[in-house]
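Generate coordinates for the entire structure from the input sequences, incorporating the hints supplied.
Here is how the chains run, residue by residue.
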Amino acid sequence: SAVISQKPSRDICQRGTSLTIQCQVDSQVTMMFWYRQQPGQSLTLIATANQGSEATYESGFVIDKFPISRPNLTFSTLTVSNLSPEDSSIYLCSVEGVKERLNEQFFGPGTRLTVL
Amino acid sequence: SQELEQSPQSLIVQEGKNLTINCTSSKTLYGLYWYKQKYGEGLIFLMMLQKGGEEKSHEKITAKLDEKKQQSSLHITASQPSHAGIYLCGAYLAGGTSYGKLTFGQGTILTVHP
Chain H
1 SAVISQKPSR DICQRGTSLT IQCQVDSQVT MMFWYRQQPG QSLTLIATAN
51 QGSEATYESG FVIDKFPISR PNLTFSTLTV SNLSPEDSSI YLCSVEGVKE
101 RLNEQFFGPG TRLTVL
Chain R
1001 SQELEQSPQS LIVQEGKNLT INCTSSKTLY GLYWYKQKYG EGLIFLMMLQ
1051 KGGEEKSHEK ITAKLDEKKQ QSSLHITASQ PSHAGIYLCG AYLAGGTSYG
1101 KLTFGQGTIL TVHP
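Heads up: the sequence lines are chains H and R, in that order.
In terms of our numbering, the first sequence has 58 at position 58, counting the first letter as 1, and numbering is strictly consecutive.
To convert, take the position in the second sequence, counting from 1, and add 1000; that gives our numbering.
Everything labelled a hint here was simulated from the structure, so no lab data went into it.
Certain hints may be false.
As the list claims (entries may be wrong) - Derived lysine-lysine pairs resembling BS3-like cross-links, with alpha carbons at most 25 Å apart:
hint	chain 1	residue 1	chain 2	residue 2
1	H	LYS99	R	LYS1051
2	R	LYS1069	R	LYS1036
3	H	LYS99	R	LYS1069
4	R	LYS1017	R	LYS1038
5	R	LYS1017	R	LYS1060
6	R	LYS1036	R	LYS1060
7	R	LYS1101	H	LYS99
8	R	LYS1060	R	LYS1038
9	R	LYS1038	R	LYS1027
10	R	LYS1101	H	LYS65
11	R	LYS1060	H	LYS7
12	R	LYS1036	R	LYS1101
13	R	LYS1036	R	LYS1056
14	R	LYS1069	R	LYS1056
15	R	LYS1101	R	LYS1027
16	H	LYS7	R	LYS1036
17	H	LYS99	R	LYS1036
18	H	LYS7	H	LYS99
19	R	LYS1101	H	LYS7
20	R	LYS1038	R	LYS1051
21	R	LYS1027	R	LYS1068
Written as structure tokens, this is what we have:
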């Protein structure tokens, strides 16, 4: 399977600021996704990060709040903008299309965000 | 209501006991994943089931997919404290609008007492 890293692993931010989360994979993958897990909740897909084009957002998530970049097949960033306490969550990137494990989706270790 | 329902929501067992966690979908399944999550951390991939009747095992964990019942079960044999954590099922569901979008159950919290 792929080795997925996320930076930072955790952060505490002030209201109104922004946080950019990086996701790095050790091999080229077809698909990269960003999920959110609010406290005590399950995971919700934010968007699909498309290489070289705009991300595809799920209902309830918009580009102005969650800008995403994917400059190549191994790297993506998610920015959470204009932070409010409601944004306190774990943010996880996931990948699909790993060589020899094409249909399986693997997750990174997550970024725990606390907004004060 | 949830599209993927897990039961039970929490489970406390004595070390050495067997246990089963269920995941039931309200829609047709096109692939079902089982993950384990330690509190506040990422998801560890356990296994993926794609075909009805498929059964996979990894160490003491076995998962089965009953496509007709739109249900999967995860069975742990002779549980150990290292099995403790949150077990999540995720699935590709019929009518999904996004390729690769996994819908998740609410999770089952497993505690194993030594």
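Right, here's what the structure says about each hint:
1. H:LYS99 with R:LYS1051: 21 Å, holds
2. R:LYS1069 with R:LYS1036: Holds - the C-alpha atoms of LYS1036 (chain R) and LYS1069 (chain R) are around 23 Å apart, at most 25 Å.
3. H:LYS99 with R:LYS1069: 32 Å, violated
4. R:LYS1017 with R:LYS1038: 20 Å, holds
5. R:LYS1017 with R:LYS1060: Since the Cα atoms of LYS1017 (chain R) and LYS1060 (chain R) sit roughly 12 Å apart, the hinted pair holds (cutoff 25 Å).
6. R:LYS1036 with R:LYS1060: 14 Å, holds
7. R:LYS1101 with H:LYS99: Cα-Cα ~19 Å, so holds.
8. R:LYS1060 with R:LYS1038: With Cα atoms ~18 Å apart, LYS1060 (chain R) and LYS1038 (chain R) stay inside 25 Å; holds.
9. R:LYS1038 with R:LYS1027: Judged against 25 Å, a Cα distance of about 28 Å means the pair is violated.
10. R:LYS1101 with H:LYS65: 20 Å, holds
11. R:LYS1060 with H:LYS7: Between LYS1060 (chain R) and LYS7 (chain H) the Cα gap is close to 33 Å, so the pair fails against 25 Å, i.e. violated.
12. R:LYS1036 with R:LYS1101: OK: LYS1036 (chain R) and LYS1101 (chain R) at ~18 Å, within 25 Å.
13. R:LYS1036 with R:LYS1056: 16 Å, holds
14. R:LYS1069 with R:LYS1056: Distance of about 18 Å is within 25 Å: holds.
15. R:LYS1101 with R:LYS1027: The given pair, whose Cα atoms are some 14 Å apart, holds under the 25 Å limit.
16. H:LYS7 with R:LYS1036: Within the cut-off at roughly 21 Å; holds.
17. H:LYS99 with R:LYS1036: Within the cut-off at roughly 23 Å; holds.
18. H:LYS7 with H:LYS99: 24 Å, holds
19. R:LYS1101 with H:LYS7: 23 Å, holds
20. R:LYS1038 with R:LYS1051: Measuring from Cα to Cα gives roughly 28 Å; hence the hint is violated.
21. R:LYS1027 with R:LYS1068: 11 Å, holds
The structure does not agree with the numbered hints 3, 9, 11 and 20 stated previously, though it agrees with the rest.
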